[in-house]
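Asker: Let the hints inform the model, and build the full structure from the sequences given.
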Amino acid sequence: MIIDKEKLIQLLVDKTGFEEAEVEAQLLELIKRVNQAAEEGKTFEIEGFGTFGMEDGVLQFTPSDTLETEINNKYAGMKPIELIGAFKEPAAEMPDVVDEAEDPEEGSWTFDEKAADEEEDRPVEEPAPVTAESDEEKIIALSDLLNDEVEKVLETTKEEKEKQSSEKEPDKVSKESVEKTEQEKQKEVSPVGKQEKEKDKIGRFLVAAVIVIALGVTGFLVYDMGFDEGNSGFSSSFMSADNQPVEQAQTSSPGTTEEENAITSAGDPEPEQEEEVATTEETSEQSPYGLRGQVNRDINNGYTIVVHSLRSMDKAEENRQDLEAQGFRALISKASVGGTMYYRVGIGQFPTVEAAQDAIDEIPEQYTNRNFIKRIQ
Amino acid sequence: MDSEFLKAFTEVVREEISRKNEVRINGIGSFQFEHQKQYQKQYENGRVVMMPPKDTISFIPENEQGI
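The listed protein sequences derive, respectively, from chains A and B. Under my numbering, the residue at position 289 of the first sequence is numbered 289, and the numbers go up by one with no gaps. Remember, my numbering sits 377 above the position in the second sequence when you count from 1.
Honestly, the hints are just simulated from the structure, not real lab data. Please note: incorrect hints may appear among the correct ones.
What the hints assert, rightly or not - Below, computed lysine-lysine pairings styled on PhoX-like, alpha-carbon distance capped at 20 Å:
no., chain 1, residue 1, chain 2, residue 2
1, B, Lys-384, A, Lys-5
2, B, Lys-414, B, Lys-397
3, A, Lys-5, A, Lys-15
4, B, Lys-397, A, Lys-7
5, B, Lys-397, A, Lys-74
6, B, Lys-431, B, Lys-418
7, A, Lys-15, B, Lys-414
8, B, Lys-431, B, Lys-414
9, A, Lys-32, B, Lys-384
10, A, Lys-74, B, Lys-431
11, A, Lys-7, B, Lys-384
12, B, Lys-397, B, Lys-431
13, A, Lys-74, B, Lys-414
14, A, Lys-42, A, Lys-5
15, A, Lys-42, A, Lys-32
16, B, Lys-397, A, Lys-5
Claimed, not checked - Interface residues of chain B toward chain A, partial, derived using beta-carbon atoms under 7 Å:
no., residue
17, Glu-393
18, Val-425
19, Pro-430
A quick note: this is a predicted structure, and the numbers were derived from the prediction, not measured. Each residue gets a CB set at the ideal place from its N, CA and C atoms; glycine is no exception.
Answerer: So, in structure tokens, the structure goes:
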């Protein structure tokens, strides 16, 4: 609202109690005095109000201190705040940055007891001690805080505008905004504190996560290797089984060629284990199986290399003893083929077909090409 | 000049400006309310301070030429 001459006179009448004519006359007098002084290059002062003067050809008015303070009642006593987080490299920018865009909430101000007479270039005391330890940390913390400030600024620009429009209403709003100011002050302090703590927490959390992952990998490796050994040990013990008694039988006449030369690789069902190979030892000390040595009666599973298949038990037994004399494990098993009973002389006891096949190289040459592998039954 | 008048004048102007009203006196100029928002001020050495917001009374003369 613009208070024109009429309204002014009216207000003055209410204030002084003078007559309207009187007030008008006084006002005119005032105007005259001001202009007169300006013309002469002098200043005209009204006590408790301000000074009119001519400067650079233009009439200027300087309010008195009392008036200034009273007008600035809301913010009187506020001192400039040292922005530790906003440390910027001294650049070619203008020193006085009056940035309209950066307009954070005006509620974050703390009131000093001493009223601020002047601000601007007067060096301000350091309000809060700097918490960062080294210079590097300071700079990092500063730039972080600056970013936070900027964010806050951008966020609260809207709020500021809304506030501005509402501020135009009369006095009741000023009370509300004072209350708001205090609340926002408190809010301001806590998020800043929180953010500082959050940064520490994040760093620590990362370190802990890395340690946990490292432990997990190590544990997995240990478990993995341990599993292997357990597995192989397990498989070796699985192999030991009962042995079938070898039958002693009469042998038929020598030279009869009733041997079956078909080399079959286990017409029987597939061997149970193909992965874990319990190494087929030639010495019977370590493993129940083998090519040589004593026939292990405890095994009732496995394969043998059949080198004689005879109708006569005597013959078979004779061959068996020969082989035994040579140091091989020789055993006889019975098989009925097409109604006829055959007696088979087998060399060695092996856990798998492959093991038996590998051992073929070591049996007497005469049998190398005339043998087949059969399940021990 | 009547001191009482001046006192009253001061008060009236002050009150109106506080209400964000403009006081126009033709022959002199007009007094206005002005709000200055808080702003960051950077010094040469890189130091940055936040200047507080301010409410001020400003004066705009009626005529710009020298009287």
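Asker: Hint by hint, say whether it matches the structure.
Answerer: Hints, verified against the model:
1. Lys-384(B) with Lys-5(A): holds, 17 Å
2. Lys-414(B) with Lys-397(B): holds, 15 Å
3. Lys-5(A) with Lys-15(A): With Cα atoms ~15 Å apart, Lys-5(A) and Lys-15(A) stay inside 20 Å; holds.
4. Lys-397(B) with Lys-7(A): Status holds; Cα separation ~15 Å.
5. Lys-397(B) with Lys-74(A): Answer holds: Lys-397(B) to Lys-74(A) is near 13 Å, not above 20 Å.
6. Lys-431(B) with Lys-418(B): The given pair, whose Cα atoms are some 15 Å apart, holds under the 20 Å limit.
7. Lys-15(A) with Lys-414(B): The hint is violated at about 33 Å.
8. Lys-431(B) with Lys-414(B): holds, 7 Å
9. Lys-32(A) with Lys-384(B): holds, 18 Å
10. Lys-74(A) with Lys-431(B): holds, 8 Å
11. Lys-7(A) with Lys-384(B): holds, 17 Å
12. Lys-397(B) with Lys-431(B): Cα-Cα ~13 Å, so holds.
13. Lys-74(A) with Lys-414(B): Holds - the C-alpha atoms of Lys-414(B) and Lys-74(A) are around 13 Å apart, at most 20 Å.
14. Lys-42(A) with Lys-5(A): violated, 25 Å
15. Lys-42(A) with Lys-32(A): Holds, because 13 Å separates the two Cα atoms, which is no more than 20 Å.
16. Lys-397(B) with Lys-5(A): Holds. Lys-397(B) to Lys-5(A) sits at ~17 Å (cutoff 20 Å).
17. Glu-393: holds, 5 Å
18. Val-425: Holds. Min distance 4 Å.
19. Pro-430: holds, 5 Å
Checked against the numbered hints given earlier, this structure breaks hints 7 and 14; the rest are met.
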